[in-house]
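Since chain W is already given, all that's left is putting chain E on it; use the hints.
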Amino acid sequence: MTVMVQETEPVVLNNSLLQRSRNLQGISFIGLSLPAAMLVAAVLIIPFSWLAWLSLFDAAGNLSTENYVRLLRPAYVDSFLTTFKVAGLVTAICVLLGYPVAYLLSQLPQRATQILMVFVILPFWTSVLVRTYAWLVLLQRQGIINQWLLSSGLISEPLPLVHNMTGTVIGMVHVMLPFLILPLYASMKAIDPVLLRAAANCGASPAQAFRQVFLPLSLSGLSAGIALTFVLCLGFYLTPALLGGGRVAMWSTQIADMVAKFANWGAASALSVVLLVVTGGILWGVNRFMRVPDAWGGKR
Amino acid sequence: MLRRPATSTQITHLQRLWLYGLVGLVIAFLIIPCLIVVPMSFSDSQYLEFPPRVWSLRWYEAYFFSSEWRQSTWVSLKVGAVTTILATILGTLASYGLHKSTNVFKPIVRGMLVLPMMVPLIFVAIGVFFVYARLGLNNTIAGLVLAHTTLAIPFVMIAVGNGLSGFDMNLERAARGLGASPVRAFLTVTLPQIRISVLSGMLFAFVTSFDEVVVSIFVSSGANSTLTKRMFANIRDQVDPTVAAISSLLVVLSIVVLVAGQFIQRRGRSGPSPD
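Going down the list, the sequences are from chains W and E. Last residue of the first sequence? That's 300 in UniProt numbering, and every number before it is there in order. Last residue of the second sequence? That's 275 in UniProt numbering, and every number before it is there in order.
By construction, these hints were calculated from the structure, which means they are not laboratory data. In this text, a Cβ means the ideal position worked out from N, Cα and C, and glycines have one as well. It is possible that part of the hints are untrue.
Derived Cβ-Cβ restraints for the label pairs, each shown as a range [unchecked claim]: (1) E/Gln-265 with W/Ala-60: 53 to 63 Å; (2) W/Asp-58 with E/Pro-39: 54 to 64 Å; (3) W/Val-69 with E/Ser-56: 53 to 63 Å; (4) E/Arg-236 with W/Trp-50: 21 to 31 Å; (5) W/Leu-150 with E/Pro-39: 17 to 27 Å; (6) E/Trp-18 with W/Val-194: 18 to 28 Å; (7) W/Arg-197 with E/Leu-17: 15 to 25 Å; (8) W/Met-165 with E/Gln-262: 32 to 42 Å.
Only chain W is shown next, with the shape it has when bound in the complex (with noise of 0.2 Å):
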């Protein structure tokens, strides 16, 4: 057979004129995100960079690294130190919780998936605030814990479990756990079963496959459930405030406490700065060094 080779006329394209309409198409299109894009200025970035400024300057006004280098006393570098213990441990903890789950969300059938994700979604959707009065109600000198463990005998004094650490960290695992297990859950799913049958087939126990194969499949969406979870903790104001009964200082606490019973802006301002800082510094070398899936399920 032979092919009929059809000679066309050549289109000729007015391309300064298309480049043209594509540059207006650009400029005006991202004008609808202008009336956003203003608003989070306002009510964020300004504000923000204004307290920045002011981090500068001494109660007198003039321009000095005060603020700054009264954030080497005891005092805040022990509240930069509780604050990393407490993420620290919150995220351990959550990794330890919440990659059971994921793993087994990403291999039961998808009738049982669903089902079991609603268990971990409602947490997801009920306010933190209810949540965190139900741990205190829980955990309480009068609580329903202490009281179980009391008539069964197991302890003879009530168990001091809220107003301190173990009650920040408990409620702040349950806080946190959806942001480790969701995107963890995401990129376990991306892994490919017939790996798995692989490794079988090459003689490999289901341990084993699991070790070899599945597990570091599953590092990059665990460390970028990691990263999310341990930066979350490290602003998270709402739990330490009230679980931690005052007696944990961590660095949102310090930072609320200096506004709104000191008004010193100068320090709470110098304190945010280094928080920003360090919270930006984990999240941009998580992101340059790893390749994170998108945790919000969002398109970029």
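Coordinates of chain E only, in the frame set by chain W:
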């Protein structure tokens, strides 16, 4: 049944019982605190018991008959409603504009608009408190609405962005080719196709505002306290069981929202009707 292989690596359900047990415990840990306040709120005693020895509606009465609680609920609903409208309009416009734009600044603008979701709320709170003090916006409804709208915009943008990424822009181009103005093409062709995403964005926006605590603690007080602000102060200063009744109502609300969200998504999954 238990001896049947559960995965492609031939592991049986029996061998995985420990995993089911562990996951069951974690799920219980996640769910119990969300639900346990509901039965406890019907307790008659000052110290909330589980299970309550004497059942009563005492704390619900305390809520509904208190003018302060009613007032702050009203403030929260008002702020939530206005925020939902504003954030949905601004967020949808921004998402649509960014989706169609080819401008080089697109990533920067997008990054800026999702910022409110990324930064710790305490930053937003002190920044807003500081600026509002100069503008006289502290303790006003307008101030709350502005701050909450900012916080809700990223959630609307993500929801609408998801819708737009599944929408065939050629349909809009066809409308334009047939002579529709850009506004008309958007309103009559694009918007109806992404309505499900816009609706779930609205839901997100309302919940973001209604549940927001940290900014409200700083910028609302007195007659314009939000429900969450009053609850926070109450929880911090005394364990008042009235909060248990309100919490139960909020739990029911979040279940309703969750079901509504699932319903909206299911409607969306069945596909937009072609006619």
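A quick look at each hint next to the structure:
At about 58 Å, the beta-carbon gap between E/Gln-265 and W/Ala-60 stays in the expected band of 53 to 63 Å. Here the CB-CB span from W/Asp-58 to E/Pro-39 is close to 55 Å, well matched to the stated 54 to 64 Å. At roughly 58 Å, the beta carbons of W/Val-69 and E/Ser-56 sit within the given window of 53 to 63 Å. Between E/Arg-236 and W/Trp-50 the CB atoms are about 29 Å apart, so this pair conforms to the stated range of 21 to 31 Å.
Checking the proposed 17 to 27 Å range against W/Leu-150 and E/Pro-39 shows it holds: the Cβ atoms sit about 21 Å from each other. Take E/Trp-18 and W/Val-194: their Cβ atoms lie about 26 Å apart, and the range 18 to 28 Å holds. Look at W/Arg-197 against E/Leu-17: about 23 Å separates their beta carbons, and that is inside 15 to 25 Å. In this structure, W/Met-165 and E/Gln-262 meet the distance hint of 32 to 42 Å, their C-beta atoms being roughly 37 Å apart.
The structure meets every hint from the earlier list without exception.
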